[in-house]
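A.B. asks: Here's the letter readout for the chains.
2 protein chains.
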Amino acid sequence: MNHSPPSEGVGLVTPQKVVVCEPPDELYLQSGRILGPIDVAFETYGTLAPDRSNAVLVCHALSGDAHAAGLHSPDDRKRGWWDPMIGPGRPLDTDRYFVLCANVLGSCKGTTGPSSTNPRTGRPFAMDFPVITVRDMVKVQALLLDRLGIERLLCVIGGSMGGMQALEWAVRYPDRVRSAVPISTTGASSPLSIGFNKIGRRAIMSDPNWRGGRYYGQEPPRDGLAVARMIGHMTFLSEASMRRKFDRRISGREGIYAFTAQYDVERYLHYNGYSFTDRFDANSYLYITKALDAFDLGDGFSGGMQEALAQVKARLLFVTFAADWLYPPSDTDRMEEHLRSAGRDVQHVRVDSDYGHDAFLVEYPLYAHHVTSFLQEVARSTAA
Amino acid sequence: MNHSPPSEGVGLVTPQKVVVCEPPDELYLQSGRILGPIDVAFETYGTLAPDRSNAVLVCHALSGDAHAAGLHSPDDRKRGWWDPMIGPGRPLDTDRYFVLCANVLGSCKGTTGPSSTNPRTGRPFAMDFPVITVRDMVKVQALLLDRLGIERLLCVIGGSMGGMQALEWAVRYPDRVRSAVPISTTGASSPLSIGFNKIGRRAIMSDPNWRGGRYYGQEPPRDGLAVARMIGHMTFLSEASMRRKFDRRISGREGIYAFTAQYDVERYLHYNGYSFTDRFDANSYLYITKALDAFDLGDGFSGGMQEALAQVKARLLFVTFAADWLYPPSDTDRMEEHLRSAGRDVQHVRVDSDYGHDAFLVEYPLYAHHVTSFLQEVARSTAA
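Order-wise, the sequence lines are chains A and B.
With my numbering, the residue at position 77 of the first sequence is 77, and numbering never jumps.
With my numbering, the residue at position 178 of the second sequence is 178, and numbering never jumps.
Quick caveat, the hints were computed from the structure, so don't treat them as lab data.
Covered by chain A, according to a simulated footprint, are these stretches of chain B (three or more residues, beta-carbon under 8 Å):
#1 184–194
#2 197–203
#3 224–231
#4 239–248
#5 263–274
#6 285–299
A partial selection of chain A residues facing chain B, derived with a Cβ cut-off under 8 Å:
#7 Val131
#8 Ala188
#9 Ser190
#10 Ser206
#11 Asp223
#12 Met230
#13 Met242
#14 Tyr257
#15 Ala294
Think of the CB as a built atom: it goes at the ideal place given N, C-alpha and C, for glycine as much as any other residue.
Turn these sequences into a full structure, and let the hints steer you where they fit.
C.D. replies: As structure tokens, this is what we get:
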């Protein structure tokens, strides 16, 4: 909802795009497969300092995009997905920092993904797209920063899958990251989160409209993707927040005695499930959830998670929310312990919220000031 | 798995069936609609005392049936679903009690449901079956008891939806129930549980094989029902039990880089989801989850839950499991408070288990002795 003048926050912003890994270059993926050229859609807010020391990379979650703040046009109905966090005087203060956000590899919002044209066939990749990982997403972001001449980030920040990217940055590019703020995230996807993703993928793949992924130009697997998204929404909330939001309210003439009658929670899920299918590609959902499932910071380190986190040089601020049962705060506790025992500079803000996983997108006021002061501290110590 | 001789426990048992509500009688459903005749499939274990004072009614959960204990034939691969709880010397001691279990109204295991023949058309009811409630299920059980000449139950016991039936019995038939043992249940379905049920129904109804419910004699909506069941299985476990059971183990030649590779949790869900479709009717799944959603003990009482529970005359033993997030122990706390403030005889055994909702079907040793001594106490005080 946009009741404020377009000039508020970062105001009007322009989507940007670069192409990386153009021939003869190609991206070597974690799987061993190669990919290129790769479009990268991104946006920037604020001004890069002459010494390029003030860049803050915002990483988005599963269904997000590069449009983190502001409006694309004065008539735009909706501001970017993290607008209250980005702008003059906001935590990611565009008077101080150069903030950028890029759509992740595998998505469908401007960066190359399964709906993009496969240069070898001239048709969409569909399921010929290679399986990608969070590490691959971060690799593409690093290439984007190379193109923009940014050697080192003041901060990399994000929630959920965005937090996984922030962690991967800190572990894989320790010299390119001064600080990282992983929010509502985990160091390795749990069987619980994998289970929910699996069911979503099954719903998509068993939708006859999926057609093995070759549905482009035809009716997409709307029902399957809607079911997958509804499952996602369940994991974003909590028992308590759902009680507050919906309780047992019901609408429909016949009350509880008809399948047409819908409890408010059903209408919420139905609406959000199906509206999602207008703005997201089902194959991207398959590839990105697969990347989520594979996410394990310790992967490739003989010493696992502990050795992975020992690579980190950045200062870390973790933010967790008490009622997040998708990536519970205890996952962050384990990372915090490893980092402390390795002598790293780590803070952990535990927000006492019963909202659930999505609190990071909703309850800014409960943690924004921690991000503000953490970033100011990092910027001060960098300048000193 | 059956590694023990058929003679163990209750041994061989015979499924039984009666027909209630034969013309001109009909069952008046809570919806105001009428239904009849109604087949009721049931089993009994032990012997009814001459004074008919020793009957224990076992109520099953969503996917259960009347086969609670023993074997149907010596070659039977599986014993009844609550076998360790029922038999000589077991908590529901068939040397003392006459135990019975009936398949619920709306199911597909012998009791009338949407897959039964509609006497008006000669074809399966499908979606012409009326929407039923937990109260209707209990009403049919009461008619069965009438037929067996059992005026009063020593105990009504069950977990999950079985616990809802136990509660409904205690509230609606206070003079017919000496004691009730509701396990892992709630007094009113929460938006969280409704949400998961809704997504399962959506998966079934958007499966093209569902055909508006008229799939009998054709390929059933297997994919939709499998997705619904997989969602169910997620809610039966807990984060901790899934970590213990599956961790991040994966199988498949290509490891994480192929959609064919499956984490153990995925294989578990897939197997359990699809094998369920061989033994359960999709329309029954729709009707029974709808009954679950509508369940609210306070419904119809101007004083809500509190007034409903004030009707109870039975002694109550609640059993809850710490990691049950589908029907969390706090739901039972609320009922316990209402009952105590109404001066009722209520006990609440809180089992410190991290297994999840399904603990009542799995972790018998953690609560069986409480059921044993509660029942002995009730029987003693009844005899006195």
